[in-house]
Amino acid sequence: MKSLHIKNGRVMDPANHVDAVRDIFVVDGKISDTPPSVALEVIDATGMIVTPGLIDMHVHLREPGRSDKETIETGTRCAARGGFTSVVCMPNTSPVADNSGTIAFIKQRTAEVGCVNVFPTGAISKELKGEELAPIGSLKRVGVVAITDDGHCVQNNELMRRAVEYAKMFSLPVLDHCQDYNLVADGMMNEGYWSAVLGLHGWPVVGEDVIVARNILLAEQADWWIHCQHISSARSVELIREAKKRGVKISAEACPHHFTLTDECVKTYDTNFKMNPPLRTERDREALLEGLANGTINCIASDHAPHCTYEKEVEFDLAPFGIIGLETELALSLELVRKRLLPLSQLVEKLTLNPARLLGLKKGTLAPGADGDVTIINADREWTYDVEQSASSARNSPFHGWNLKGKAVMTIVGGKIVWREN
Amino acid sequence: MDAVAIERALARMAHEIAERNPQQDTLALIGIRTHGVPLARRLAERLRAILQREIPSGELDIGMHRDDIGLRDTPPTVGPSHVTFDVDDKTIVLVDDVLFTGRSIRAALDEIADFGRPQRIQLGVLVDRGHRELPIRADFVGKNVPTAFDERVRVSLFEVDGKDEVSLEK
Amino acid sequence: MKSKSGWKRKDLLGIEDLSVDEINTVLDTAAAFKQVGKRTIKKVPSLRGKTLVNLFIEPSTRTRTSFELAAKRLSADVINITATASSIVKGETLKDTALNLQALHADIIVIRHSAAGAPHFLARLLKASVINAGDGAHEHPTQALLDAFTIREKKGRIEGLNVTILGDILYSRVARSNIWLLTKLGAHVTLAGPSTLVPRVFEQFGCRVTYDIEEAIRGADVINLLRIQHERQRKTMFPSIGEYTAMFGLSKDRFARTKPDAAIMHPGPINRGVEIDSEIADCGRSVILEQVTNGLAVRMAVLFLCSGGQALEP
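Residue numbers (our numbering), protein chains in the order written: chain X, 1 to 422; chain B, 1 to 170; chain C, 1 to 314.
Read the hints as simulated data drawn from the structure, not as lab findings.
Possibly wrong hints are sitting among the right ones.
To be verified - Footprint (simulated), chain C over chain B, 3 or more residues, beta carbon under 8 angstroms: (1) 55-64; (2) 154-168.
As the list claims (entries may be wrong) - Pulled from the structure, derived: some chain C residues nowhere near chain X, Cβ distances all over 12 angstroms: (3) 138; (4) 160; (5) 179; (6) 195; (7) 218; (8) 245; (9) 246; (10) 256; (11) 260; (12) 277.
Everything numeric in this text was worked out from a predicted model, so none of it was measured.
Don't be surprised by glycine CBs; every beta carbon is placed ideally from N, CA and C.
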């Protein structure tokens with residue numbers, strides 16, 4: 001592996017309060033600020049932004065069990081194309097990642113075919129059923145970075161309380177997909193004017209808010225971290241903001257589709273606009289933007305959820321929830337900077353430092369000695385997203401054909417260039 | 001044709017109809033919408049004067065019986081037909097303004113068959129412009145007007161358009 | 001009574017997108033077709049040689065029969081596919097079913113489905129005409145058209161009338177289609193029923209929402225009663241059928257307080273004794289059976305108009 005000299009880029013490293021044009025070296029897979037005495041590949045990053053490798057803390061790699069949708073190989077390649085050097089994968093695989101065997105499999109596969117870092121999460125409850133605790137201690141021992149029942153949500157508050165207390169012992173944050181099953185029932189899209197027009201069952205915001213509120217109270221009581229995944233509702237943002245003021249260990253992430261699209265998009269019944277939680281109103285979208293700007297929402301993640309085309313090409317009610325997002329995430333997030341909603345440094349934080357800190361990863365920094373994970377971004381690059389060219393096995397994206405601005409032109413993992421634009 | 005010419009033609013046609021059909025008690029007129037209807041009524045008026053008896057007059061809308069429904073840009077407009085008398089065993093004189101390809105008449109014959117079984121059907125038209133695509137001929141013709149296929153014969157009648165006129169448009 | 005044929009669509013997916021001109025074209029055409037039902041030979045050759053498929057994924061005898069009869073009176077060939085009888089149960093997707101029908105050169109597909117948006121899905125996929133016979137809670141356009149036809153016949157107009165729709169609005173496609181059509185044509189629409197089934201969001205559709213049934217029916221020129229749907233009802237929405245009948249059913253008492261010439265409508269099938277007192281269903285002001293007759297004429301008009309154009313782009 002050749003050492004790298006990344007020349008003349010605007011280095012944006014919030015972890016070390018750096019925003020300056022300077023050179024960076026990657027030697028033996030680690031960041032270095034001094035040029036080595038060995039042969040170097042020189043990368044001209046003039047006009048580019050150089051950040052610590054981006055981290056997407058909410059990705060579905062589908063392996064083991066549904067390799068027809070995506071595999072660790074295709075999913076990580078997708079991540080690399082999107083500029084991500086690390087992904088955190090969800091446990092709703094088949095079998096569920098509620099045992100050390102499945103985690104071991106994921107790690108092994110990653111070593112064999114993964115081209116970026118994969119950090120697995122373990123389940124909160126056995127088989128994600130929300131009845132009994134999964135063997136969280138064993139899962140920690142085999143290297144999960146958090147526990148979550150994502151895809152599902154523990155409904156039993158007592159169980160959730162115990163899960164948080166138990167996870168604290170192992171310094172494992174609890175990630176939660178906030179959904180009250182009874183309030184949501186068979187909701188297909190946001191409950192509101194558009195669900196009334198389209199005749200689709202509504203997924204009311206209160207179904208998310210209620211669980212966010214319970215998480216805040218449990219996090220407060222246990223004095224431990226609960227991270228609310230894919231926040232979509234204005235009220236949830238408000239609740240989290242209040243709780244943070246009180247010092248509660250509550251964290252939140254938002255997905256680009258929630259801060260870019262609204263429920264009106266569903267009016268053509270295109271299943272590429274069907275995800276969980278659903279697209280919400282303009283008011284909710286604006287609240288998310290505000291929450292991102294004022295720090296209430298500390299992370300951005302994609303909830304990359306690949307599905308086979310034939311699975312999505314059905315009646316709206318029958319289509320599975322979810323869209324892919326790794327390759328469009330960066331461009332959609334950079335929109336926030338272009339619209340002056342938040343400064344570039346804060347955007348980069350939400351994609352590097354903040355997820356790393358929450359999950360205890362030694363990533364998200366370009367300090368000398370850190371892992372050689374670097375993303376080089378051309379923020380002005382205009383391109384059209386062609387989902388047919390995606391590295392993902394899946395094609396379920398609502399952004400196909402969109403003219404986007406901003407792209408990762410190079411992704412470096414552990415000193416190795418895993419993606420470069422031609 | 002101007003208004004005077006139209007009236008003369010109708011007068012002559014009425015006499016021809018009367019002459020051809022001595023069995024007056026089974027005679028009836030049916031006008032094909034749109035312009036055939038007022039023409040049929042005017043003929044019925046004249047026949048009443050000539051024969052000293054009421055000749056029933058009906059209206060036929062052939063929209064549902066056309067043979068070109070899927071071939072047009074928009075569907076044809078349809079309206080209800082009003083044939084209030086029994087057509088069985090009658091002598092029906094179909095009346096239309098212009099005889100061209102003959103397809104409208106074919107549709108009308110089809111539709112009349114749905115109402116019953118006339119003894120005979122005759123055809124009276126104000127203008128015969130040629131270019132038949134089906135073996136159909138008129139029994140009573142107001143005027144023969146040779147035309148090119150892409151020309152248009154426009155018949156205006158007072159009851160529908162406010163004036164009486166037949167004009168040829170290139 | 002001729003109007004300019006304002007119809008250029010190959011599909012009828014809903015009322016929401018129709019213009020007032022288009023709606024009037026359908027109603028005027030239906031008037032012509034209603035007359036065909038009075039002839040001895042109740043058949044016209046307009047759709048001769050065309051194949052119509054009734055694709056009823058969600059079963060319904062009355063709507064299907066109405067479409068079947070409408071098609072046959074237009075001389076079309078009819079095939080009926082219902083969910084239980086077909087390979088749909090074996091797991092064939094809607095897409096595959098539709099493509100199979102296209103391979104058989106079906107000209108018109110009439111689809112009823114429990115999933116909203118299913119007809120739109122088919123219309124995008126197929127060259128054939130797609131007619132929505134009811135998709136989930138979304139729309140039932142021919143029902144709204146025949147309701148409008150009936151109102152116009154009875155009352156001479158729709159504009160300015162007070163129309164009350166009573167019952168389960170939230171899960172009702174009949175309600176939605178009617179709301180679109182009546183508001184487009186200038187009626188004053190009032191929605192009434194239990195608050196759990198008539199949420200205020202419908203005020204954004206240009207309707208008045210009230211939970212006081214007396215008030216709702218008092219000034220109404222037309223009262224359209226909706227079925228309380230056992231199938232789609234979630235147990236949490238209202239306590240029981242008994243309570244619904246007591247609070248919102250059109251009882252003899254309530255009926256006595258309606259305007260003397262108020263017309264009573266219902267899309268059928270009626271739950272006698274629930275949303276409507278049994279005797280009232282049969283009384284002189286009930287136009288429920290006329291709705292059925294008019295449904296046939298309206299469906300003939302819709303099939304005729306949707307088949308009428310060449311190369312109407314999918």
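Do the hints match the structure? See the list:
no.	hint	result
1	55-64	holds (count 3)
2	154-168	violated (count 0)
3	138	3 angstroms, violated
4	160	25 angstroms, holds
5	179	10 angstroms, violated
6	195	14 angstroms, holds
7	218	26 angstroms, holds
8	245	25 angstroms, holds
9	246	27 angstroms, holds
10	256	33 angstroms, holds
11	260	34 angstroms, holds
12	277	29 angstroms, holds
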